[in-house]
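*Asks:* Chain by chain, the residues run as shown.
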Amino acid sequence: MADQTANAGGRGIGAHLGGHLRENGMILALVAIVVFFTVIVRVTQGVDFLSAQNITNLFLQNSYVIIMALGMLLVIVAGHIDLSVGSVVGFTGAVAAVLTVNMGWPVYAVVPTVLLVGLCIGAAQGYWVAYWRIPSFIVTLAGMLVFRGLTLWLLAGQNVGPFPKSFQSLSTGFIPDAFGVGKPNMTALVLIALAAVAILWMGLRARARDQQFGIAPEPMIVFTIRNFVVVAALMFVGYKLATFRGLPNVVVVLAVLTVLYAFFTEQTTTGRRIYALGGNEKAARLSGINTDRLVFLTFANMGVLASLAGMIVAARLNSSTPKAGVGFELDVIAAVFIGGASMTGGSGKIIGVVVGALIMGVMNNGMSIMGIGIDYQQVIKGLVLLAAVIFDVYNKNK
Amino acid sequence: MPTLLEMRGISKVFPGVRALDHVDLTVEQGEIHAICGENGAGKSTLMKVLSGVYPFGSYEGEIHYDGALLQNRGIRDSEAKGIIIIHQELALVPLLSIAENLFLGNEVASKGVINWPLAFQKTESLLKKVGLDEAPTAVVGKLGVGKQQLIEIAKALAKDVRLLILDEPTAALQENDSQKLLDLMLELKAQGVTQIIISHKLNEIGRVADRITILRDGATVSTLRKDEISEERIIRDMVGRDMAHRYPERDHHPGEVLMEVTGWNVWHPEQQGRQMIRDASFHVRKGEIVGIAGLMGAGRTELAMSIFGHAYGRNISGTVKMGGKVVDTSSVMKAIDAGLAYVTEDRKQLGLVLDEPIVRNITLANLAGVATRGVLSRGREQQVAEEYRRAMSIRTPSVFQKVVNLSGGNQQKVVLSKWLFADPQVLILDEPTRGIDVGAKFEIYTIMNELAAQGRGVVMVSSEMPELLGMCDRIYVMNEGRILGELSRAEATQERIMSLILKNNGKKVA
Chain A
1399 MADQTANAGG
1409 RGIGAHLGGH
1419 LRENGMILAL
1429 VAIVVFFTVI
1439 VRVTQGVDFL
1449 SAQNITNLFL
1459 QNSYVIIMAL
1469 GMLLVIVAGH
1479 IDLSVGSVVG
1489 FTGAVAAVLT
1499 VNMGWPVYAV
1509 VPTVLLVGLC
1519 IGAAQGYWVA
1529 YWRIPSFIVT
1539 LAGMLVFRGL
1549 TLWLLAGQNV
1559 GPFPKSFQSL
1569 STGFIPDAFG
1579 VGKPNMTALV
1589 LIALAAVAIL
1599 WMGLRARARD
1609 QQFGIAPEPM
1619 IVFTIRNFVV
1629 VAALMFVGYK
1639 LATFRGLPNV
1649 VVVLAVLTVL
1659 YAFFTEQTTT
1669 GRRIYALGGN
1679 EKAARLSGIN
1689 TDRLVFLTFA
1699 NMGVLASLAG
1709 MIVAARLNSS
1719 TPKAGVGFEL
1729 DVIAAVFIGG
1739 ASMTGGSGKI
1749 IGVVVGALIM
1759 GVMNNGMSIM
1769 GIGIDYQQVI
1779 KGLVLLAAVI
1789 FDVYNKNK
Chain B
5 MPTLLEMRGI
15 SKVFPGVRAL
25 DHVDLTVEQG
35 EIHAICGENG
45 AGKSTLMKVL
55 SGVYPFGSYE
65 GEIHYDGALL
75 QNRGIRDSEA
85 KGIIIIHQEL
95 ALVPLLSIAE
105 NLFLGNEVAS
115 KGVINWPLAF
125 QKTESLLKKV
135 GLDEAPTAVV
145 GKLGVGKQQL
155 IEIAKALAKD
165 VRLLILDEPT
175 AALQENDSQK
185 LLDLMLELKA
195 QGVTQIIISH
205 KLNEIGRVAD
215 RITILRDGAT
225 VSTLRKDEIS
235 EERIIRDMVG
245 RDMAHRYPER
255 DHHPGEVLME
265 VTGWNVWHPE
275 QQGRQMIRDA
285 SFHVRKGEIV
295 GIAGLMGAGR
305 TELAMSIFGH
315 AYGRNISGTV
325 KMGGKVVDTS
335 SVMKAIDAGL
345 AYVTEDRKQL
355 GLVLDEPIVR
365 NITLANLAGV
375 ATRGVLSRGR
385 EQQVAEEYRR
395 AMSIRTPSVF
405 QKVVNLSGGN
415 QQKVVLSKWL
425 FADPQVLILD
435 EPTRGIDVGA
445 KFEIYTIMNE
455 LAAQGRGVVM
465 VSSEMPELLG
475 MCDRIYVMNE
485 GRILGELSRA
495 EATQERIMSL
505 ILKNNGKKVA
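Protein chains in written order, with the working numbering: chain A, 1399 to 1796; chain B, 5 to 514.
Rather than coming from a laboratory, the hints here were simulated on the basis of the structure. Fair warning: there could be bad hints in the mix.
Unchecked claim - Pairs of lysine-lysine, BS3-like flavour, derived with a Cα cap of 27 Å:
| # | chain 1 | residue 1 | chain 2 | residue 2 |
| --- | --- | --- | --- | --- |
| 1 | A | Lys1794 | B | Lys151 |
| 2 | B | Lys338 | A | Lys1794 |
| 3 | B | Lys352 | A | Lys1747 |
| 4 | B | Lys115 | B | Lys151 |
| 5 | A | Lys1747 | B | Lys406 |
| 6 | B | Lys352 | A | Lys1680 |
| 7 | A | Lys1680 | B | Lys445 |
| 8 | A | Lys1680 | B | Lys338 |
| 9 | B | Lys406 | A | Lys1680 |
Treat the numbers as computed from the prediction; the structure is a model and nothing was measured.
Extracted from the complex, chain B is given alone in its bound form (with noise of 0.2 Å):
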């Protein structure tokens, strides 16, 4: 088979990280191409050199696609010469028909006039082609994800697609769904179009893909024949790497159960019928840092924040236990009267109030800490604001400092700062290291083992298997809404997680 894209060599360097390192893929004409690995192994980054994204001249490497050398300047270079990519978040308008989102900035008109006879046949034949039984007229909003999907690829249709990216299409969709998906996948294989997946589910990229390249790393690790893919093989591939970060040492002394959550269930805040955890089980010991390992949208960050203060989700059902007494946890003050702590995994959105100095932010989840009656003690505030610089060492000229001036690390331990001066016996941590450069990391983990040492509960949600093996006394695997299994530090391994994770893919009763 010929030759349709040919990637030669890219790397892609941000600031402080090299996101693609001499990554090479090949894709043939009329195939379905997988691409594998594990979260910030470089799929997207690479996805988005291809798309135009990332414009020509912004990275080292070449493009060869149908025979001639790529120079996209935009997406909309890219798209005009077949290939489009569907994000995993869809780019579609709720409140548009499907006839409007399907021709957006690509209108049936001429001279600025729609026609709209037109456009609608054209939304039926299209319709058809990805076998979604709507009328164009439809607004897109009211569809489930599912239907949504389908329309981004009649959406793609409408252009000419000529190589098709699904950035994890199936993600959000139910068992049936994802089946009508892959079967779509293979129909326009049968038409003729070229088709790029990226996908953690081996059973779907068994079942539809030609080839599979794995990326580690922001490299290229191998690319393998349908007849050569072995579970076995592609975690090896994925996962086959040296504990790059050190961890600071730590004695283990877990003591009794703090926390425990038993038969926990969330539904989605919005969609209808979705349910986001299914009962859902764990606990964490005194002095025992705990891990939550899983792929994104496997619901980790879903269980945290319903069971802090049900910040999300909607029907939730399930009990928590500190100290073996059942606790409410059903707004945020609740949770925190009953001793817990959450770090959010967005610090900027969630976490702070970044036009705000580092003293207030401090002091704002127990402001009664600083206040007699209501009135606050500026003294006593900025006191304990210098104990939390000093103790976390926040870098930074003084604590008035507005923490929009912090970087990335420091900002982390401001929020930290203001979790501890509230005292909590168990804190979760959600991503605590993400966007932190290295040392700053050393240092979080630090932090996170002298709150073990003070007797208090750590859990560590992370995407980073290394650090949760190199930190955790167990480890908790999640994947779409479930814990799957329980790993002891001796137990665990990159591995053993990964095949959990992957192997129970997909196999949820539909």
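If we strip away everything but chain A, and leave its shape as in the complex, we get (with noise of 0.2 Å):
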């Protein structure tokens, strides 16, 4: 026990900002990239980059990367990659409008029925990759290629659309305001403010407990000040929100998905299972993890996840489009990467991709506000994506 207290005593704040500055840094990387938009749109533009509309469009814009990226930590973590996603969007959202539209099913219909769509494409692709040992690149690849096409030939070139109003919540809807007072929406900000607590409670939890087993925590003056911005931030979307038209129903999709994930990958065993693999699969396989299983599970699960995002595309654009969903698969897999997560797989966090996920979204958005042309956007956003993974290259072999 002695020389554990002394191992605790012993590392400082800048030893333990060393350690940990990736994560610590994406979140101070994202506040500023939102205080430097506010600044220069609120300067150049006359506009209020933190205006409840803008928030709520940010969440509606982004949403979709940040849940197909959640299944891209997986597969990247697992040594993979998936390049059929966007595709699959498109794919999926056709499935979801001839449903619909053409065929006058029920959302309740729907719904399951797309989802299980993205379920077989995720799962055939894996196949091929887990258990005929095909790269992900070229089996995907024509993924891409084979679902684009299937997209044209279902939609026979046209959109189809619109959606009913159900259909049509999928994306744009809000969370009811159960209290009945109107504006600000009582039940955002009661969600909000339970959200809040909970994190500081886990966070607290967590910390206890690391104490009782002697693990060094982290310095109280790191852990209060990360704390003090999430909560603080939380708490201000979430006003911002409840003041405009409450909580989108896919910030609570979000929401869920992203505590369910977190959850998957820190504290499960099949969760664990998959960073050993992608870290080293041959140890894997040797310490009796069915490595192709989890493989093939990982390619099964962002299938599904890309044909709800398929669903969010089309309801919030409000008719499926041969055009959906073409270049998504490089902002999710950007997101992923900026987001911390290796390229070599086994390593990588859903906090971060999440993070990474709105350093996308911010600068898009941003970006537009300013009147900065597409041309420049693309350059822009490909030099954060090297200059993250650089830094992380660096942070490496320091």
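Put the two chains together into one complex, using the hints given.
*Replies:* In structure tokens form, the structure reads like this:
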């Protein structure tokens, strides 16, 4: 016990920050980017970047990237890649449109059917990758072409829409106000407050447990500052949303999925095994882990999330178009790598990926408001991705 | 005969190890000189010094070649002087043709443009020289190992070889391919090519070698002329040393038979028709440490890994019994469930997830042991890790340290902890002390003895004979995929093991 205490005392704030530079740096980067755009947009355009409407937009515009990034993290942690997600978004959106608009299915039948279609697509691709050892790059590149083609065929090259209100609410709906106050939306405020309390409580509990087991905890000052920033941001966003139209359904879905995937990756045996598989597949297999099945499952899961994203995108555009989802795979993969996942597999965190996706989203949104052309936007996003990964590699080699 | 090569007082030190200690070697013009020695005796290191892998200045001593002091800065220097080494692992590009391989890095070209007609013509004449009847355009990967070996020699001839070094050239060859290769060596000798052959196979040495130098523990023991060569003499010179290490004391109380393997056969996973394990049978008792001795390539790792979840090989047949009952070990999961554990010889590639912390590596094979219905308990996981850290004395500031930062001995303790936490009845330890310093070795031995005292069965695969003799209740001797015999603790000596191996070399039915 004596040496552990000595250790705990010996680790200063500097040393701790050095070890967790990436995690804390990500949050700081997001805050810095938000502040930057708030100031710049205010000065140059006279627009409030943090208006309730824009914050709502930010989530609606980027929800699909975040949702798919959750699944993509698992694929990348397992040491693979999925290039087909953009086309799967288009295809599943088209399936939803045909079922709803052309065939008149109700939304409660369409949603599970489309999720099942996504599952089958993911499983089919995962089968070749996992059990035939065809490189995932090839399999999903083929999938990218196949499902883009099938989208065109299914829609006969036309836009199909509009969707009934019930389907649209997948994306553009809001949680109704249960307290009847109107504005601000009390349901939103209560939920956000509960979320903030939960984050603090879990953080404190983890600290207490670490201390109990003699793990050197993160210095109190770092813990306080980080949680203050997170909770303050959460409360601010929550308040803004509440004064506008309340919590978008998408945000709730997003929050639930994020918590679920964070729990899955960090607290379950299956999640742990995916990291071991990505870190050293041979060692994992020789430890009795069914590596093939895990790879298969990560792809199947990716398919489901892509089909959910496909429906959200279709609902948001209120029609299914042959071009829906083009280039999404790049945004999603970029978000995962900006979020700190390793290119060779075996590492990366859900929270990092969500922050990474938000960084991309905020930059998209901010640059659009500033009126920066799509040409420069792409250049800047590319450079940010490169910088984030160079930062990782530099940190690792240091 | 004039002297072509004289190596005088060669010493080579690696951090912590003196690999070569004043080795002398004299090779005469036009002879075939054999070098013999146990694994780790320094044969390969000596050849690397000679061929420039270790450049001049990185070793002590002098090399005189063709009357001049040799000062190689790299392999290219030595190759320019006609010294060419063919390694045990062939250095051919499997997807390229024979002609492309022969002149790789040495292309028949002017100003970077390859003259293919001339290259093919040269290839054909070289192939004729080595007696290989294949088209120059044949893809190397599709040829057998024997033919590939001949291509390596043709490649050496393409570079005007004067001193050809063959490192265990027949280790991977079938009997008739080996004979062909030996014939070719004699033919090259007739053409004036001086050759050095490293081999364990006494019948081959007797057939082709003019003289033989025996190395032991990095030093020259003797150089014998052909008429002085005798099996007994070679064996005595190869192993004649005192027990260098000390082993912890243990009471030996083997109980009933715990694991029994019978009629085990395994084929090579890629090469058709190459059988790696032939009809192997052995058993382990409760509380017993059983050794498997053999030289490199004897099939020991292949035997162990094929039993453990069929992790190696194809067309595996034979039965494994645990406690008298036949068990299915056809996947790693089933093998673990049956009570087996396999500690690999290659901890970095196969045993550990290097970028993950100690705690995660220890629980990897038994995550269910620290989880409730699939949800991990970090607290329990950490307690487990701390327990093993204490029990195994893993030296680390914290169990959250990444294993990549640990020393070899501590890494090995992490791998052992992982398997102990899976609570197996029988542990197969493959080279458990490879690359570990003497102190940590003693700790590993102590842990092995504790495992036996707990009533588990331990199978120890090792290339170090003193270690097997010091630790094991019984020793099986393997060679060329067969178990040749079994020696009890009382019977076992290094001489007997060596003679079992060497006398059976090359006697398989072709």
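*Asks:* Go through the numbered hints given earlier and state which of them the structure violates, listing their numbers in rising order.
*Replies:* Of the numbered hints given earlier, those the structure breaks are 1, 2 and 4, listed in rising order.
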